[in-house]
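Given next are the chains, with one letter for each unit.
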Amino acid sequence: MTPVLRVATVGNPNVGKSSLINAIAGSNLSVGNWPGTTVDRLSISFELDQVHVEWVDLPGTYSLAGATSEESITRRELLTSPPDVVVNVIDAGNLERNLGLTLELSELGLPMVVVLNLVDEARAHGIEVDASKLSDCLGVEAIETVASSGQGCAEVKAALLRASRGRALVEYPEYFQAAVRQLDEPNRWRAVTLLSEDVPGLDSHEQAQRLRRQLELVQDPFLSVAEARLKMARHLTCDVEVRIDRGVSRTEKIDRLLLHPLLGLPLFLVGMLEVFRFTYEFSAPWIGFLDVVKGVLSSWVTSWGLAPLAQSFLISGVIGGAGTVAAFSPVLFLLYLAMAFLEASGLLARTTFLFDQVMKWVGLPGRSLIPLLLGFGCNVPAIYSTRILPNLGDRLRVALAIPFMACSARLTVFVLFAAIFFPKTAPYVVLGLYLLGLLLGLLTALLMRRFVPQDSDRTGIMEMPPYRFPSWRAVFRQAWLRTYSFLRDAAGPILGAVLLVWFLHQVPAGKPENSLYAGVSRALTVPLAPLGIHDWRLAGALMPGFIAKEVVVGTLGVSFLGEEPVAAGGLGEGLGQLATGFGVALQETVLAVPKLFGVPSAELPPDESPNGLSAAIGRACDSAGALAYLVFLLLYTPCVATVAAVRSEFGNGWAIFSVIWQLSVAWLAGWIAYQVMA
Amino acid sequence: MLAELLEALRVRPRTRNELLLLLQASPGQLEAALFQLSRGGYVDRAIPEQGSCHSGCGHCSVKNFCPGESAEETWRLTDKALSRVAPPA
Amino acid sequence: MKPSLTLAQLPLNQPALVERITGPQPFVRRLLSLGVTPGCGVKVVRCAPLGDPIQVEIGRLQLAIRRLEAGQVHLQPSV
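Protein chains in written order, with the working numbering: chain A, 418 to 1095; chain B, 3 to 91; chain C, 2 to 80.
Hints are supplied without guarantee of correctness; some may be wrong.
Pulled a few chain A residues facing chain C out of the computed Cβ check, cut under 8 Å [what the hints assert, rightly or not]:
#1 E464
#2 D466
#3 I671
#4 L674
#5 G681
#6 L764
#7 L765
#8 T769
#9 Q774
#10 M776
#11 W778
#12 G780
#13 M879
Okay, derived cross-link-like pairs now, BS3-like style, lysine-lysine, Cα gap no bigger than 25 Å in a straight line [as the list claims (entries may be wrong)]:
#14 C:K44 / A:K550
#15 B:K82 / A:K777
#16 C:K44 / A:K841
These are calculated hints, taken from the structure and not from any lab test. Using N, Cα and C, we set each Cβ at its ideal position, and we do this for glycine too.
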């Protein structure tokens, strides 16, 4: 007759006991109920080396002394019909919690095999359990498995036949040990349990009760036992749960380069430069295409032969306004794309690490550098990206500093003016303006420390997550959602402001010099006079500059040279232009890829403003006034879109404050610049 | 660790976070300790007084519907523990 | 007994054990919730190019922590 080996799995709930029995069973798994209950009873039987194995899955339990019906079943089975081998399944990722039961089982004195399951998940969390060390400590075999995929199951089967009895590891306090020795009970688990608690189904006897009463006079035996077991579980965990050195991880290799004491900072700056080049190179073709669309729509409107006022309303107001809104989206989308990538890949955390020291003097965490740098691309996503800061006070201070960063739109004006007034030193003037903005932004953040509510729970502790390549789907989705929410929130304000400026231009009808716009502009020259700006056309261009800094140059062109007439165009002609424009944009996008890897040029981009504008502006003010104008334009107010962003993130009050604060700083800085130059 | 845990709870019921802080324990350790103590009937989960329900519920029959139920996990000593764990002399 | 060492003073790549964490509650709570508890092993992996903060390996975690705060993590005297 074949010998029979009775096996039982025991373990905490949800550690994969049934996955294990499923993996081992293949198809001959039988499912029933435990007698008198609705608790599932899984069992299998198979032949193993001429031994008939009968394996049953006991209900999950945290302790053998538990009181629920499942726990009672497990205890009853183990005590009244002890299996030949106990298979103790443990979640390798939650060792300390699981070992409590293991320690009880080893006191029970049955031959045992420990199954370290879910090692894949544990590893994903960076936890390695040293199975052989655990095996040595417990005195039983410990086998790593991933039961759901069947990994390690064959080893578990093989280990059944050589299962050994574990060591009782828990050391109880001496007063309690003494009682265990006195008690006439050979099974250690029974002895310990009888002396420390009442467990249903475990018959106590007179001697045990007497000893327990004596123990209770000294200390609470239950607490002593629980404490001793917790301590041993902790001790064991510390011993076997190690980070086995698997050589240098991929993350560590990347960190060695990116966080290098000397190379780290330059590499970061190159990376940031690449982000801007990526944004610029890939957005430029599409902004160009949007211009084509604008031109085609305008030519169609012209072909309708409407009254001049209506035509101007549609072209300059509606199409112009919508065009301004739309022109934001390529830049925004690409910057958001870069942002989402930095965030998800783990690079953002490294930036914090690199620049924490720099930002510390303004009292900000290192990662606040990211929004500030993004501000050089476009202030709007920079404001939204302050969300990467966990602390509201920090977020606000960074958001107030961001509009001082010279966004790419301001560069067009800088280039135009610098070329006219400082032909020899143009790049330095522009660089100086950038640095001035950065400096004043940081000073603002520093100053606001006193006025902005500080959260109490600020610590500099930050996890540095392992690098991973983010899923493109998630990155694109996030970038799209953020761009969409910008278009939704800012379209109204921008369009409104464009229409307002258009209205000022048209009323009263007649020459531009007599329009309301010119009147308001002349009024503006009064406060700007100390800055050396006396020409109303220069002052006036600051108003549309509030809508978007991109349109300043255009407005100057119109004010100085008059509006360019729009030629009428037919439907077919327009469609043809659209198709060609789209093709060109696609082509330029593809051509932009190799440009990313080229050496960046130190030259300023070519000035593309209308012919004759330079000369006209050159006559409008002197170089001191021009510098003051540039400084003022750099600092004076965030554009409408940025104000809308500040408002949606921090409320009306801070948005208004931001505008007033910047106007004051800009005026003061412009005045100083003028006084110094003049 | 159990003694410190009981002492901390003897002063007043405490949230999980408070206990982590007081005992300087990891979440896993605290969970294991609270499990042992609740198994022995020394501690149970309390529902903090909050909103309209000022009863400090405990065995309240409608506590599952109580807004306090979703609040932070709070633990307190049972009567058994209070009678057994003597205040330090 | 040697005077107690803090995490801020621990030399690079030398393993040590945490003894206790002092300082404001949120700080202690944050560390504990990350699993940094008395008895667990720590190692300083590197410091930032500008000197602060330091990167600390604690079990399976890589943490960036400022030197000032690292000074509140006391280590067991090495044996």
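Verification of the supplied hints:
For E464 of chain A, the shortest C-beta to C-beta distance to chain C is roughly 42 Å, which exceeds 8 Å, and the interface hint is violated. Checking D466 of chain A against chain C by beta carbon gives a least distance of about 39 Å; that is not within 8 Å, so the hint is violated. The interface hint given for I671 of chain A is broken, as the beta carbon of that residue sits about 12 Å from the closest beta carbon of chain C, more than 8 Å. Evaluation of the L674 of chain A hint against chain C yields a violated restraint, the C-beta minimum of about 12 Å exceeding 8 Å.
A distance limit of 8 Å between C-beta atoms decides the matter here; for G681 of chain A the minimum to chain C is near 5 Å, and the interface restraint holds. Taken as an interface hint, L764 of chain A does not check out: its beta carbon lies about 13 Å from the nearest beta carbon of chain C, beyond 8 Å. With 8 Å as the threshold, the beta carbon of L765 of chain A stays out of range of chain C, its nearest partner Cβ sitting at about 12 Å, so the hint is violated. For T769 of chain A, the interface hint holds, the least distance from its beta-carbon to any beta-carbon of chain C being 7 Å, beneath 8 Å.
Interface restraint check: Q774 of chain A against chain C, minimum CB-CB distance 4 Å, threshold 8 Å, status holds. Hint status for M776 of chain A: violated, given a least beta-carbon distance of 10 Å to chain C, over 8 Å. Hint status for W778 of chain A relative to chain C: violated, with the closest Cβ pair at about 11 Å, above 8 Å. Below 8 Å, beta-carbon pairs count as interface contacts, and G780 of chain A has none with chain C, the closest being about 12 Å; its hint is therefore violated.
Taken as an interface hint, M879 of chain A checks out: its beta carbon lies about 5 Å from the nearest beta carbon of chain C, inside 8 Å. Restraint check for K44 of chain C and K550 of chain A: satisfied, since their Cα atoms lie roughly 22 Å apart, inside the 25 Å limit. Taking the CA atoms of K82 of chain B and K777 of chain A, the gap is near 52 Å; set against the 25 Å cutoff, the hint is violated. Taking the CA atoms of K44 of chain C and K841 of chain A, the gap is about 55 Å. The hint is violated against a cut of 25 Å.
When the structure is compared with the earlier hints, violations turn up for hints 1, 2, 3, 4, 6, 7, 10, 11, 12, 15 and 16 and for no others.
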